[in-house]
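Let chain Z serve as the given structure and place chain G on it in line with the hints.
2 protein chains.
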Amino acid sequence: MTQKVARYLAETSPATPCLVMDVDRVEQNFQRLQAALPNARIYYAVKANPAAPILERLTGLGSFFDAASWQEVQMCIAAGAAAEHVSYGNTIKKERDIAAAYAAGVRMFAFDSEPELRKIARAAPGSRVYCRIFVENEGAEWPLSKKFGCEADMAKRLMVLAGELGLDAYGISFHVGSQQTSSAPYRSAIAKVAMVFTDLAAAGVKLRMVNLGGGYPVRYKSEVPEIEEIGAAVMGAFAQHFGNDLPEIVIEPGRFLVADAGTVCTEVVLVSRKGEADPVRWVYLDIGRFGGLAETEGEAIRYTLRTPHDGTADGPVTIAGPTCDSVDTLYEKSNYRLPMALTDGDRIEILSTGAYVTTYASQKFNGFTPLEEHYI
Amino acid sequence: MTQKVARYLAETSPATPCLVMDVDRVEQNFQRLQAALPNARIYYAVKANPAAPILERLTGLGSFFDAASWQEVQMCIAAGAAAEHVSYGNTIKKERDIAAAYAAGVRMFAFDSEPELRKIARAAPGSRVYCRIFVENEGAEWPLSKKFGCEADMAKRLMVLAGELGLDAYGISFHVGSQQTSSAPYRSAIAKVAMVFTDLAAAGVKLRMVNLGGGYPVRYKSEVPEIEEIGAAVMGAFAQHFGNDLPEIVIEPGRFLVADAGTVCTEVVLVSRKGEADPVRWVYLDIGRFGGLAETEGEAIRYTLRTPHDGTADGPVTIAGPTCDSVDTLYEKSNYRLPMALTDGDRIEILSTGAYVTTYASQKFNGFTPLEEHYI
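One line per chain: the protein sequences are Z and G, in this order. Counted from 1, the first sequence has number 108 at position 108 by full-length UniProt numbering; the numbering is strictly sequential. Counted from 1, the second sequence has number 266 at position 266 by full-length UniProt numbering; the numbering is strictly sequential.
Treat the hints with care, as some may be off.
Unchecked claim - With a Cα cut of at most 20 Å, we get these calculated DMTMM-like pairs of lysine to aspartate or glutamate: (1) Z:Lys146 - G:Glu297; (2) G:Lys274 - Z:Glu349; (3) G:Lys146 - Z:Glu276; (4) G:Lys146 - Z:Glu114; (5) Z:Lys146 - G:Glu114; (6) G:Lys274 - Z:Glu151; (7) Z:Lys274 - G:Glu84; (8) G:Lys274 - Z:Asp153; (9) G:Lys146 - Z:Glu299; (10) Z:Lys4 - Z:Glu349; (11) Z:Lys146 - G:Asp278; (12) G:Lys146 - Z:Glu297; (13) Z:Lys333 - G:Glu114; (14) G:Lys192 - Z:Glu349; (15) G:Lys221 - G:Asp314; (16) G:Lys333 - Z:Asp153; (17) G:Lys274 - Z:Glu114.
It is worth saying that the hints were derived from the structure and are not from the lab.
Just chain Z, same shape as in the assembly (with noise of 0.2 Å):
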């Protein structure tokens, strides 16, 4: 948490559950990735958090867009964003949807099947496209499956069949899975990437671009990566296997920029055992699962909380949301501790929920409404 949110919410004590976010600390990770990956041009991914504030702060800075929805290209134009800096990176749009973005001035497109290369091809003539290809996302803590992605073969044929249809054959993107904690799945896809450049240039379609998606990981509970280490091993993996002759390289981070500039306060609802000799503690929270928090789905992302009482003697406890579903329990397999005073009524702070939290909430499950959010 920054010392402006924590000033924050010592001061203005807001109504929970809410966000708060640090566009500041946006600023910074923007600029410490920039340089990480100082050949990389950074197409922020909007679905991590659309919030105006952040898309003009980023504008600002010179950062460009990749939107999943037409919907999403709009709030970047909103804020500022010149739609050419927007790559319309969904591989599932509906063609009057590309042929929207088309009429606002995005000329870049993804794709990963010839339907949608057609359909590309008839709503946005002469667009650049990029092909996303399959690659391995082992270490990811929020993996990929198939759902996007094809065979690298398919992915050369359709390249091939871009241009027939008029289109500029761009590039090929990848994703090795979000908050990917190792850098091999980088190098592996790189070199996977550079072997359909080559076959490509011998079939006369000379490619310009590697697009290697998002998934730059955020400390939660464990230790991870640092952000350099990772942009070095990228950019050997370049070296290595495009030589000199790089290629333009876009990166898609979401969850980079916005993760640790946000904080979640909660209140702690009720604090219960389910037996009288039940060593387990039940803390409800006021925000749960379908209130934002969907990526404790699976405890697959581990939230790190801070409560009035840390420091004093913890136990162990199952942590769940405020709605009557049982699917909406946070934690229950992953040891979480919280301290023994904590009690109904109490402030507890989520760290690092600046990503992925305020566009997942639902409108109105159990009655509830979606968390506030605050930008400062």
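Here is chain G on its own, set in the frame of chain Z:
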């Protein structure tokens, strides 16, 4: 899908994704459930779908209401329900929300722990209270954890305490799990509750109410027992364990009243393959887990889909939502098949989606706005 919904979809072709609800069907379900359990008082579980047209119709039918939050209490009152017909059934409540509900006239509260009971005693003096106990929920398609309820021994101590705190020790509740397809858990639960009644009578506390919760199953892809069969098993168990001294019986149906009254209409965004020879197509819809179909988590609830090409040749598919999140995949392991002719732009109807869809919908994940709702 009711004829009224089918006609509305055909005539108005509403923008997707959307939910169309036949409120008359809700009324039919209410009457059928009341006939199957004539001794039970129905408290509609508002969380299943809190739309005003539903609450208003049910108010007119004499339904009572089970509210999960102070906000849901207010929705019931706004729909014309008498406050004394509303039970505040969440065992996790802020004390100020209990006080607000009490001030509005609510006099029935759930609890499953001593701290919660003491909150109710302070904030809602003299109210009727019921304690939720653990029971088995084997056979439920959406089972429950230990998030709610307590051991029976603790419940007995707390019901004695309730009287000492000036509350009306009203009864015991349990929940056999949502979409429960066996009547056996009801029978064993009623036997367990009867023992609690007996033990407490010996301690001088005369309980008067048994709350069976909800969980009454709805037909999705698989057959489920008829409600009349479950009703007969439940009433048989009451006769066996309570004899002529039947308690008041409360039931809290949610899904049963609203699920099959609703149809989600969605548009196919993309049909693709991941490799040239891949036998499985990926079908991407404009609604997914974060657009409201949250109960497809773990492929727990398997909805029936209708397409314009039904009856023609089909093949295996994986079905996913439109967001850039690989977790937003509906069915990958449940052997869904859809017509080979299916293509982007086709409209698909997802049947029996009137429960737990609109409220779960994320407010803006990936920039997508929640589905439209039509009550006819």
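Outcome of the hint check:
1. Z:Lys146 - G:Glu297: holds, 17 Å
2. G:Lys274 - Z:Glu349: violated, 42 Å
3. G:Lys146 - Z:Glu276: It holds: about 15 Å lies between the C-alpha atoms, which stays within 20 Å.
4. G:Lys146 - Z:Glu114: Not satisfied, since the Cα-Cα distance of roughly 48 Å exceeds 20 Å.
5. Z:Lys146 - G:Glu114: The hint is violated at about 48 Å.
6. G:Lys274 - Z:Glu151: holds, 6 Å
7. Z:Lys274 - G:Glu84: violated, 29 Å
8. G:Lys274 - Z:Asp153: holds, 10 Å
9. G:Lys146 - Z:Glu299: Roughly 17 Å separates the two Cα atoms, so the pair holds.
10. Z:Lys4 - Z:Glu349: holds, 14 Å
11. Z:Lys146 - G:Asp278: holds, 12 Å
12. G:Lys146 - Z:Glu297: holds, 17 Å
13. Z:Lys333 - G:Glu114: violated, 25 Å
14. G:Lys192 - Z:Glu349: Distance ~41 Å between Lys192 of chain G and Glu349 of chain Z Cα, so the pair is violated.
15. G:Lys221 - G:Asp314: holds, 17 Å
16. G:Lys333 - Z:Asp153: Distance of about 26 Å is beyond 20 Å: violated.
17. G:Lys274 - Z:Glu114: Since the Cα atoms of Lys274 of chain G and Glu114 of chain Z sit roughly 10 Å apart, the hinted pair holds (cutoff 20 Å).
This entry does not satisfy hints 2, 4, 5, 7, 13, 14, 16, going by the numbered hints stated previously.
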